[in-house]
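K.L.:
So you can see what is in the structure, the chains are spelled out below.
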Amino acid sequence: MYVNRHAPHGTIYPLEGLEVALIGAAFDQDVSMAFIGDGVFQLTKGQDTADLGIKNCAPTYGALGDYEVTKLYVEQESLDERGLELNDLMNLTWEDEQEDWAEKPSIRLVSRAQLSDLLEQQDVILNF
Amino acid sequence: MYVNRHAPHGTIYPLEGLEVALIGAAFDQDVSMAFIGDGVFQLTKGQDTADLGIKNCAPTYGALGDYEVTKLYVEQESLDERGLELNDLMNLTWEDEQEDWAEKPSIRLVSRAQLSDLLEQQDVILNF
Amino acid sequence: MKFSVMVNEGPYTHQAADTAYHFTRAVLDAGHEIFRVFFYHDGVHNGTRMTTPPQDDRHIVDRWSELAHDHDIDLVVCVAAAQRRGILDKDEAKRNGKDGDNIAPGFRISGLGQLIEAGIEADRLLVFGD
Amino acid sequence: MKFSVMVNEGPYTHQAADTAYHFTRAVLDAGHEIFRVFFYHDGVHNGTRMTTPPQDDRHIVDRWSELAHDHDIDLVVCVAAAQRRGILDKDEAKRNGKDGDNIAPGFRISGLGQLIEAGIEADRLLVFGD
Amino acid sequence: MLHTVNKSPFDSHSLQTCLGLAKAGSDILLIEDAVYAAMSGTAVTSMVESAMNSSTIYALEPDLKARGIGSEKMISGINLVGYDGFVELAVTNDKVQSWL
Amino acid sequence: MLHTVNKSPFDSHSLQTCLGLAKAGSDILLIEDAVYAAMSGTAVTSMVESAMNSSTIYALEPDLKARGIGSEKMISGINLVGYDGFVELAVTNDKVQSWL
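Residue numbers (numbering that gives the first Met the number 0), protein chains in the order written: chain V, 0 to 127; chain H, 0 to 127; chain R, 0 to 129; chain S, 0 to 129; chain C, 0 to 99; chain P, 0 to 99.
If you're looking for bench data, these hints aren't it; they were derived computationally from the structure.
Treat the hints with care, since some could be wrong.
Claimed, not checked - Below, in silico cross-link-like pairs of lysine-lysine (DSS-like), each with a Cα-Cα straight-line distance of 27 Å or less:
hint: 1; chain 1: V; residue 1: 44; chain 2: V; residue 2: 70
hint: 2; chain 1: H; residue 1: 70; chain 2: H; residue 2: 44
hint: 3; chain 1: P; residue 1: 72; chain 2: V; residue 2: 70
hint: 4; chain 1: S; residue 1: 89; chain 2: R; residue 2: 93
hint: 5; chain 1: S; residue 1: 1; chain 2: R; residue 2: 97
hint: 6; chain 1: C; residue 1: 72; chain 2: V; residue 2: 54
hint: 7; chain 1: V; residue 1: 54; chain 2: V; residue 2: 44
hint: 8; chain 1: V; residue 1: 44; chain 2: C; residue 2: 64
To be verified - If you only want the chain R side, here are some residues facing chain S, beta carbon under 8 Å, derived:
hint: 9; residue: 54
hint: 10; residue: 58
hint: 11; residue: 83
hint: 12; residue: 101
Cβ coordinates follow ideal geometry from the N, Cα and C atoms, glycine included.
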């Protein structure tokens with residue numbers, strides 16, 4: 000599991016973390032991502048870096064489903080602290096081959112306690 | 000004024016900040032230093048980096064007086080938050096030429112409000 | 000008005016190197032003068048010509064070099080900070096027995112005195128990145 | 000037991016590069032195996048031979064090179080992270096039209112797949128520095 | 000005096016330290032990840048609103064835009080500036096302190 | 000699971016995040032600037048003490064020594080380890096999570 004804890008654009012950690020997640024998926028690993036703390040800002044709608052001249056990594060999250068990265072866990076407490084709700088996040092989906100390619104949401108809101116359980120189940124945990 | 004806000008050893012900012020302060024003094028600038036937040040840890044007694052194999056910059060603070068850096072302002076609120084008092088800090092002194100080289104303490108405890116006034120009086124402020 | 004700029008973070012890793020660049024351009028666009036840009040801490044990594052970002056991303060080092068060329072800006076990399084982090088010009092490489100250098104065009108390596116001078120000579124000193 | 004180590008901060012700037020080294024040595028001293036040390040983010044700066052620290056300080060890059068030499072440790076620098084930050088080996092320099100390289104002895108440049116493999120092959124993956 | 004802050008207020012104590020030391024009448028400019036402090040309805044909103052009683056708060060517009068923070072999500076009364084406005088603030092204030 | 004934390008608890012929220020997510024029975028190792036969390040009488044002491052009810056807290060001795068934190072300044076019940084003990088903790092726990 001890749002744990003994302005940094006806000007986007009201010010540092011390169013989100014972008015370089017995303018690169019690891021995509022490579023992990025290409026290596027047929029069971030990739031899941033967790034977004035906690037400022038990491039939840041990576042998924043907010045309407046990010047536009049044109050005026051900064053910085054490559055915008057936000058659209059890449061939309062492509063994660065195509066790489067079979069379909070489990071994006073977002074900590075509810077982190078959203079609350081930042082005045083955000085699910086509706087403020089990008090609408091990220093994946094297509095379920097098992098159910099005639101039905102489109103399903105990738106973002107799963109979890110409580111801190113649930114996330115704690117999830118972390119315990121991982122083989123490898125990397126922080127970005 | 001050089002404002003020191005980082006704990007020692009974990010990052011190089013204190014050491015590289017000290018290098019600037021010493022050069023500033025060599026250029027005959029009126030150098031003062033402020034220690035706030037984790038910066039107050041730079042001045043604590045008994046630092047010994049031998050087991051880390053890292054150069055210990057703590058003794059250099061003792062030499063500041065010789066370079067006529069005699070005003071080290073330490074924020075009282077930052078000490079309080081960290082459970083520290085003046086006695087936990089190194090005994091740093093300078094010799095006052097005007098008073099027959101009398102040894103005087105370099106560390107001056109100031110409140111946040113006093114430090115705020117001091118910052119307002121500076122020409123140039125650099126953060127480390 | 001005369002400005003000096005201090006850059007303390009490496010390119011790409013932290014946005015501070017971008018902000019410093021955009022600010023410097025805005026100073027020039029407003030008709031003010033840049034006395035010097037001084038690179039300290041990890042900021043010294045802004046000054047290596049070995050940087051090769053992805054083609055669809057901005058080239059932070061080249062941007063500085065072009066600014067220096069077009070507006071005759073003095074880009075100074077701190078020698079002590081640079082040595083620790085592996086940034087060298089020809090002279091430094093020779094002095095330290097290294098087989099090559101990596102400084103980018105428009106940058107020069109010098110001492111911390113250049114930062115003190117930048118603080119004295121300019122009306123304002125702006126610091127970017129910690 | 001088999002360990003992999005990931006180093007995400009540059010030498011000198013953050014202590015993480017030191018901690019990673021001391022941990023790696025302790026792993027070897029305890030009779031365990033190091034499968035790989037992978038350098039990512041600013042960690043790639045651990046792998047440049049241009050580094051020249053003050054004479055009274057430790058030489059972090061040389062320490063890694065010696066460890067690789069003495070214990071046959073695989074030191075891998077991530078190519079994407081390295082390109083952005085100006086770390087190159089001979090092949091990369093040639094491919095990108097650069098006039099020299101700066102990688103230190105004992106290090107090699109490779110892809111992120113090496114990190115994924117390090118996670119799979121080792122019993123434990125330890126991460127140092129953010 | 001102009002104070003610039005560039006760290007997220009949720010991750011670092013920089014903004015808090017800045018607000019604790021800034022004198023009444025200061026200009027405070029939020030840049031980079033610090034622009035998240037301009038959002039309404041967050042855990043730090045009340046700290047920023049109370050600072051607005053004694054200081055003027057600015058936020059760098061390209062940084063807000065990059066982070067998808069539209070005016071509807073912002074504390075009202077925070078002033079938007081571009082890089083040109085940043086330069087202007089540095090000119091009109093007699094000195095600049097960076098909180099990093 | 001072993002959790003390592005390397006940031007000062009006064010400057011970063013890493014330790015707090017770690018303690019919020021660590022399950023009961025975890026081992027938590029303070030390294031680098033995080034060893035300041037092992038000090039008694041500070042603003043974060045009670046947070047660390049309360050974590051000690053469900054987790055075991057360790058601190059890296061070379062880092063404590065570098066920062067002049069002697070045992071008389073430490074919360075009692077925190078365990079000291081060297082780099083060898085760090086390795087041992089990484090062996091006995093089935094995985095390691097770094098909070099950075």
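K.L.:
So, for every hint listed, does it hold in this structure?
P.N.:
Going down the list of hints, with the structure as the test:
1. 44/V with 70/V: The given pair, whose Cα atoms are some 18 Å apart, holds under the 27 Å limit.
2. 70/H with 44/H: Satisfied, since the Cα-Cα distance of roughly 18 Å is no more than 27 Å.
3. 72/P with 70/V: Roughly 45 Å between the alpha carbons, so the hint for residue 72/P and residue 70/V is violated.
4. 89/S with 93/R: Holds: residue 89/S and residue 93/R sit about 21 Å apart, inside 27 Å.
5. 1/S with 97/R: With Cα atoms ~36 Å apart, residue 1/S and residue 97/R exceed 27 Å; violated.
6. 72/C with 54/V: holds (24 Å)
7. 54/V with 44/V: holds (16 Å)
8. 44/V with 64/C: holds (11 Å)
9. 54: violated (11 Å)
10. 58: violated (10 Å)
11. 83: Constraint on residue 83/R satisfied, holds at 5 Å.
12. 101: holds (6 Å)
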